[in-house]
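Here the protein sequences line up with chains F and W, keeping their order.
Numbering follows the working numbering, with no gaps: position 3 of the first sequence is 32.
Numbering follows the working numbering, with no gaps: position 188 of the second sequence is 793.
The hints are simulated quantities; they were obtained by calculation from the structure and are not laboratory data.
All C-beta atoms, glycine included, are put in the ideal place defined by N, C-alpha and C.
One thing to keep in mind: the hints can contain errors.
Computed Cβ-Cβ distance ranges for the label pairs, DEER-style [what the hints assert, rightly or not]: (1) F/P109 with W/A918: 55 to 63 Å; (2) F/I209 with W/K917: 28 to 36 Å; (3) W/A918 with F/V151: 21 to 29 Å; (4) F/T85 with W/Q809: 40 to 48 Å; (5) F/I209 with W/P836: 30 to 38 Å; (6) F/G148 with W/L679: 30 to 38 Å; (7) F/P80 with W/Q809: 31 to 39 Å; (8) W/E774 with F/T85: 13 to 21 Å; (9) F/D220 with W/R632: 15 to 23 Å.
Chain W side only, calculated, beta carbon under 8 Å to chain F, not exhaustive [to be verified]: (10) Y640; (11) F653; (12) L664; (13) I728; (14) V737; (15) Y738; (16) L763; (17) M891; (18) F902.
Here are some, though not all, of the chain F residues that point toward chain W, as calculated from beta-carbon distances under 7 Å [claimed, not checked]: (19) A71; (20) M73; (21) F87; (22) P89; (23) I90; (24) P93; (25) P95; (26) F175; (27) F178; (28) T249; (29) A279; (30) H281; (31) L284; (32) Q307; (33) Q312; (34) V315.
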Amino acid sequence: MSGAAVGMGSSRASIERSRRTQTFFIHAVLIAGGIIVMIPLAWMLSTSLKPPHQITKFPPIWIPDPFVWSNYVRAVTIFPVSFVVFVRNSMYMSLMITLGTVLSNAVVAFAFARLTFRGSRVLFIIVLSTMMLPQQVTMIPLFILFSKFGWINTYNPLIVPHFFANAYFVFLLRQFYTTIPRELDDAARIDGCGVIGLFMRIMLPLSKPALGITAIFAFTWAWNEFLGPLIYLSRMETFPLAIALSFLRAAHGVLWSELMVVSFIAMLPPVLLFFVAQKHYIQGIVITGVKG
Amino acid sequence: MSAELQSSQTPWARLLASNAWSRRTLRQREELIAYLLVSPWVIGFLAFILGPMLTSLGLSFTETDLFTWEFVGLENYTKLLSLDTTRTLFWTTLYNTAYYVFLSIPLTISAGFFIAMLLNQNISGQPTYRVVYYLPAVIPGIATSLLWLWLFQPEFGLINWALSLVGIEGPRWLFDRSTAKMALVLMSVWGAGSNMLIFLAGLQGIPTELYEAATIDGAGIWRRFRSITIPMISPTLFFVVVTQIIWSSQVFTNVYVMTEGKGGPANATLMMVLYLYQVAFRQYRMGYASAYAWIFFLILLVFTLVLFRSSKAWVYYETEIGGQRS
Chain F
30 MSGAAVGMGS
40 SRASIERSRR
50 TQTFFIHAVL
60 IAGGIIVMIP
70 LAWMLSTSLK
80 PPHQITKFPP
90 IWIPDPFVWS
100 NYVRAVTIFP
110 VSFVVFVRNS
120 MYMSLMITLG
130 TVLSNAVVAF
140 AFARLTFRGS
150 RVLFIIVLST
160 MMLPQQVTMI
170 PLFILFSKFG
180 WINTYNPLIV
190 PHFFANAYFV
200 FLLRQFYTTI
210 PRELDDAARI
220 DGCGVIGLFM
230 RIMLPLSKPA
240 LGITAIFAFT
250 WAWNEFLGPL
260 IYLSRMETFP
270 LAIALSFLRA
280 AHGVLWSELM
290 VVSFIAMLPP
300 VLLFFVAQKH
310 YIQGIVITGV
320 KG
Chain W
606 MSAELQSSQT
616 PWARLLASNA
626 WSRRTLRQRE
636 ELIAYLLVSP
646 WVIGFLAFIL
656 GPMLTSLGLS
666 FTETDLFTWE
676 FVGLENYTKL
686 LSLDTTRTLF
696 WTTLYNTAYY
706 VFLSIPLTIS
716 AGFFIAMLLN
726 QNISGQPTYR
736 VVYYLPAVIP
746 GIATSLLWLW
756 LFQPEFGLIN
766 WALSLVGIEG
776 PRWLFDRSTA
786 KMALVLMSVW
796 GAGSNMLIFL
806 AGLQGIPTEL
816 YEAATIDGAG
826 IWRRFRSITI
836 PMISPTLFFV
846 VVTQIIWSSQ
856 VFTNVYVMTE
866 GKGGPANATL
876 MMVLYLYQVA
886 FRQYRMGYAS
896 AYAWIFFLIL
906 LVFTLVLFRS
916 SKAWVYYETE
926 IGGQRS
C-alpha cells in the first residue's frame, strides 16, 4: 500500500515514484529473506560434494574443489543393507497410506457433505474435535494392540489406520464437495442416479483436484513420518529412509558429507512433488486454513 | 413423471417409480447408505481413537511392561506430579516444552505474517517467493534435523561462521544447556513458510473495497492495518495459534535426531513427547507413560479450551462475506 503517498495534494508523478521505491524495498526484503531461507540448502548441497579436508575448513568453502561425486556412492553403500531397500520401504509405506487416505476420506467426506442422516451434526463435531487430539494419547494402547496382532516389524500398524479416514482430510474434502452446485445432484437424481451413482459419476469426477490435494498431502506426510516407524520397526531391512538416516547419524555422527548426501536424497520426493504440484498445495492450504 | 421414470433403464429409477418405495422409505434407504459410507470413520474412531484413549486411561492406573500387570491406583500421577524434582522429570519436560512452544510460536507466526503482508502488496513474482519460503516446510524432519545439526556445529558450522563475521563468538549451541533450546527455536523459524501461506490466503480474502473506503475516509496505513487487516485476519490468526500450539508441543523428530534420543545436554532439550517415548519404548513403563500421556493431553485440552473461550474477545467473525468464499 502506498500509504506514505496518499497525503493531500501530492502529484500523480510523486505517488508513482513513491510506489516504485516501495516496491523496490519490498523486493529487496523478500529477496534477502529468500536467500537466508535458501542458504542452508545450498550449504547442504555444497557439503555433500566436498572432499573431506574442505568440510572442516573455517572460514567455509562454498564451491567444492573438486566436486567429489563419489560421496554419493559412498553414502548410499555405507549401510549394511542395500539403500534400495530403504527407498522401496518408504515408497511402499507412502503409496499405501496415500491409497487408504484417498479412498476412505473421499467416501466419508461425501456422506458428510451431501447426505442427510440423523446424528450427522454431532458426528461431524466429533470428527473436528479429533483434529485437536495429540496422537500420543493413543500411541501406547495401539502399540499393545498391534503387537498382539503380531504386527511389529511390519508396515501394517502404519498403513491400516489410514484406511479408516482422518479428520483433517474429511474436513478438507467436505469443504470442497460443498462447493459443487447442488443443482447437479438434483439433475442426476432426476436422471435416475442413486446415491452411489451420484458419488461415482458426479462427485468423484468433479472433485479430482481435491482428491489430488489429499493424495499429495498424504504422500508427503507419510514420507516424512518418523515417530511411527521408529516405534514399530526395529529390523534394518524394514527401515524406511527416515529411520535409516537416523541410524546413520547414530552410527557415524561426524560423516557430514554422507549425512548431507542421504538427507538430500530423502528430501527429493516431497520436494519434487511440491514443485510439480505447488498450485494444488496452495489450494489445499487455502481450503483448510482460511475456514478453519 | 412416473411414466418417464419407468421408461428409464436404471434399476434405481424403476425402484423409485414402483409403489413399494414411498418417499419415506427412500429417505430411510438413503440414511442407511449414509451410515454405511461414514462407517469407515466410525470404526476407525472407535478402534484407533476412542478405544485406545480409554484403554490408555485405564493403563495409567497400572504399572505394566506388557508381561506383568499391577494396579497402582493414582501412584503414577502422584509420582509424576510430585514437587520433589529429584523424583520426577515431569516439570523439566514441561518447562522445556513450554519454553520451546512459547518462543517458537510468536517467532514463526510473526515471520510468516510479515512475509505474507509483503507478498500481498501486489508484488510481481509472488509465486516464486511463495515456493522459496514454503520449501523448508515440505522437507522431511529427519533431513532438516541433520542439516541444522551441521549448521549449528560449534567449530565448523555455518551459523557460528556467520556470527564471527560480525565479531560474535558463537556459542556451543546444542552442546551447551543454556543455548540448546534456543537452537531448536531458531531452527523452527526456518519452517515459518507454512504459516505464511495460510496468512497470505487469509489476507487475499479481505475485500479491497474496505481498504479503498478507509483510504477515502482519510485512514493512514497504520490505521488501515489496525482497523481492517487485524480484525479481518484474526480468525486465521486464531486457527494458526491453536494448530501451532498443538503441533509444536509435540516436537519430537528434531530433538530425537539432534540429541541422539537423549534430550541432552543435562536434559535441557528433554521435550514432553521425547520423554514419553523414552519411558514407553525404552524403559517399557507403559502405565507410567500412559499417565504421562494423559497429563500431556489434558494440558493441551485446557489450553485449547481457554483459547476458544478467549476467542470471543479478540477474534472477529464477519457474518456475510465469510460464508461465500470457497
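Measuring from the C-beta of F/F175 to each C-beta in chain W, is the shortest one below 7 Å?
-> Interface hint status for F/F175: violated (10 Å vs cutoff 7 Å).
Is it true that F/I209 and W/K917 lie within 28 to 36 Å of each other by Cβ?
-> holds, 33 Å
Cut-off 7 Å, beta-carbon criterion: hint that F/P95 touches chain W = violated, 20 Å
Is the shortest C-beta separation between F/M73 and chain W less than 7 Å?
-> With Cβ-Cβ at 5 Å, under 7 Å, it holds.
Restraint satisfaction for F/L284 [CB to CB of chain W, less than 7 Å] = Cβ of F/L284 sits 11 Å from chain W, so the hint is violated.
Does F/F87 meet its interface restraint, that is, does its C-beta lie within less than 7 Å of any C-beta in chain W?
-> holds, 6 Å
Should the hint that F/P80 and W/Q809 are 31 to 39 Å apart at their CB atoms be regarded as holding?
-> violated, 48 Å
Indicate whether the distance between the beta carbons of F/P109 and W/A918 respects the range 55 to 63 Å.
-> holds, 59 Å
Per-residue hint verdict: F/P89, partner chain W, C-beta under 7 Å = Check passed: Cβ of F/P89 comes within 6 Å of chain W, closer than 7 Å.
Taking the CB of W/E774 and the CB of F/T85, does the distance hold inside 13 to 21 Å?
-> holds, 18 Å
If you take the shortest Cβ to Cβ gap from F/T249 to chain W, is it below 7 Å?
-> With a minimum Cβ separation of about 6 Å from chain W (threshold 7 Å), the hint on F/T249 holds.
Given W/L763 was flagged as interface, is its beta-carbon under 8 Å from a beta-carbon of chain F?
-> holds, 5 Å
Comparing the model with each numbered hint stated earlier shows that hints 7, 19, 23, 24, 25, 26, 27, 30, 31, 33 do not hold.
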